[in-house]
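There are 2 protein chains.
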Amino acid sequence: MPFLDACRSRKTSRVPVWYMRQAGRYQPEYREIRKNYSLLEICERPELCAQVTSLPVTQLGVDAAILFSDIMVPVGPMGVKYEIVEGRGPVVAHPLRTRQDVDALHGFDVHDALPYVLETIERVKDRISVPLIGFAGAPFTLASYMIEGGPSRDYLHTKAMMHGEPDMFSNLMAKLSEMVIYYLRAQITAGADAVQVFDSWAGSLSPKDYEMHILPHMQRIFNALSEDEAPSIYFGVGTGELLPLFKTLKANVIGVDWRVSIRAARERVGSSHAIQGNLDPALLLAPFDVLKARTAEILAEGMEKPGFIFNLGHGVFPAASTDTLRRLTEFVHEFSEARLNYS
Amino acid sequence: MPFLDACRSRKTSRVPVWYMRQAGRYQPEYREIRKNYSLLEICERPELCAQVTSLPVTQLGVDAAILFSDIMVPVGPMGVKYEIVEGRGPVVAHPLRTRQDVDALHGFDVHDALPYVLETIERVKDRISVPLIGFAGAPFTLASYMIEGGPSRDYLHTKAMMHGEPDMFSNLMAKLSEMVIYYLRAQITAGADAVQVFDSWAGSLSPKDYEMHILPHMQRIFNALSEDEAPSIYFGVGTGELLPLFKTLKANVIGVDWRVSIRAARERVGSSHAIQGNLDPALLLAPFDVLKARTAEILAEGMEKPGFIFNLGHGVFPAASTDTLRRLTEFVHEFSEARLNYS
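In order, the protein sequence lines correspond to chains A and B. Letter by letter, the first sequence follows residues 1 to 343 in UniProt numbering. Letter by letter, the second sequence follows residues 1 to 343 in UniProt numbering.
A few of these clues could be false.
Same chains, same names: a pair is fine if it fits in one copy or spans any two.
As the list claims (entries may be wrong) - Dumping the calculated DSBU-like pairs for lysine-lysine here, alpha-carbon to alpha-carbon at most 30 Å:
(1) K208 with K247
(2) K247 with K175
(3) K208 with K292
(4) K11 with K208
Calculated from the structure, these hints are not laboratory results.
This is chain A alone, in the form it adopts within the complex (with noise of 0.2 Å):
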């Protein structure tokens, strides 16, 4: 298994690939079923669910699925009201802002509040034979959500919670810090063979807030998640300067976007965590020949140790074309395979 090998900075004979947001608008299947059911209807059927969650593995060659989902499915249990508005993202009916909202925020037992997740990983699991990655958002990105009401450009609530009300906004944290971990164990159990946590909107801290606000919950997380046998991603945009204080979290794989260039994310992050990335998705309209250049110069620098998984800096957008992602795919597989065989 090249992407759990890869997760685990062991040798592997090709660089493993999957992408972000790989089942999505810009298939032609995942647009046929969106006719007929909304994004969370799809994450509600199981059946459904882990056949989106499944195509791209056969579409494109990838070596992992990943949980079809959102991030704020889990937030839904805590007790909070949301939609998803095509277009613009999670959209929070009542956004947080007093202690009472925090308070209010309750645990949930999954088998009885989010069953059918559990039920699509056993059922993906049935159809797969490369591994599965399980996947939740960090405390910082779903508490900009759930405190803006919905995405925002420059989270001035959220910072002026993390600031004005530094214990609220720890409590807050430290809540959604015990339901990933949660959540996610409940996945590795369900069978996920890894799991991938989306900090999205981590990159709008500076390093100094991330240090004294994020990072020891993020700490809680993946100490808590190193016990179990399932490696761990961590993944956010515009990280670059967070990367030093990175290395003293225990997630198996750093997951960076194409701002820092593999050796630098590397050489910051330290030799114990493995590297996933960074291929600006925007390439992906580029003629093949740009986008090739590109990926075999990431692949160069990716391959210069063990532990690289090849992935874009963010998610496929919906202009994407599958065919693309499908060669794109291939030209890792056979470039890194030549290479890594040979020496």
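Chain A is already provided as a structure; the job is to place chain B on it using the hints.
Positioned in the frame of chain A, the structure of chain B alone reads:
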């Protein structure tokens, strides 16, 4: 003049301070004016625009004024029709996508096309005793609005042109570069004491893409500007990984956002540039003691060497208060004066 001395990396008796978007919606006086005039209508009325430009100097006690304008203003006379849409930003009627679109862009005589910009500068100089900063958008950031048709999260069309039609993209960048040089020189001739080039979205590029497609044009601009007496500032958001490339730019000052520390910025950009920045504007909503503590940390690093200008890491947002900014200016002055004149 602490601001101009700091631009030239000379010793100053205090750290100079100004704020990006220091004239704007957060000011009650500005909101009052906007009841009767749109943003562009203010730009076109020299007396009103000079008043708006000068207000922060008296209101906040800052060490420099910056021309009130919009980066799209000089793009209009090149043949691009645009509007500034409230709460969204610049919207271009016919996004640039073809060779013909690029070929159609033309030069202009600033005295004929934008006489009000030059007249505003002259009037501001009569009103204030601190230096006036002129400004222009950088070619990549301007091109992103022109190609996307408005603000963007992922710059897919811009990057598609850059990768797929590199000659056409380079031609567009060259045309915009010549305009920026011409327009900033006209501002300097009219009385601007320094100029800032806003490349707000350059941080969306990988270092490789920036180096290949953007850097040569920025070298051309700052080489040309270095022949003038007025110092030049280059600012972008999320440019931490691009700073080593900025070493080759003859800009006097590099502006950075809060994602990178002042010390790291200095190390990467080298000793021949002053540094400007970099408080997270979100801290303007924090309790004042938190704001002060973070500002003191930035100042301590900034004062390690001559050549530091205090600023935010991005523009002031509408929910900020004039009182907080005034107190912050005082704090920067008092804190730095006490330390710089002791040693």
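Alpha-carbon proximity context of K208 and K292, limit 30 Å: Between copies only: 14 Å across chains, 37 Å inside a chain, cut-off 30 Å.
Homo-oligomer pair classification [K247, K208; C-alpha up to 30 Å]: For K208 and K247, both the intra-copy (15 Å) and inter-copy (25 Å) Cα distances are at most 30 Å.
Same-copy or cross-copy closeness of K11 to K208 [CA-CA at most 30 Å]: Between copies, since 28 Å is at most 30 Å while 35 Å is not.
Up to 30 Å CA-CA - K175 versus K247, copy category: within (24 Å within a copy, 45 Å between copies)
No hint from the list above goes unmet by this structure.
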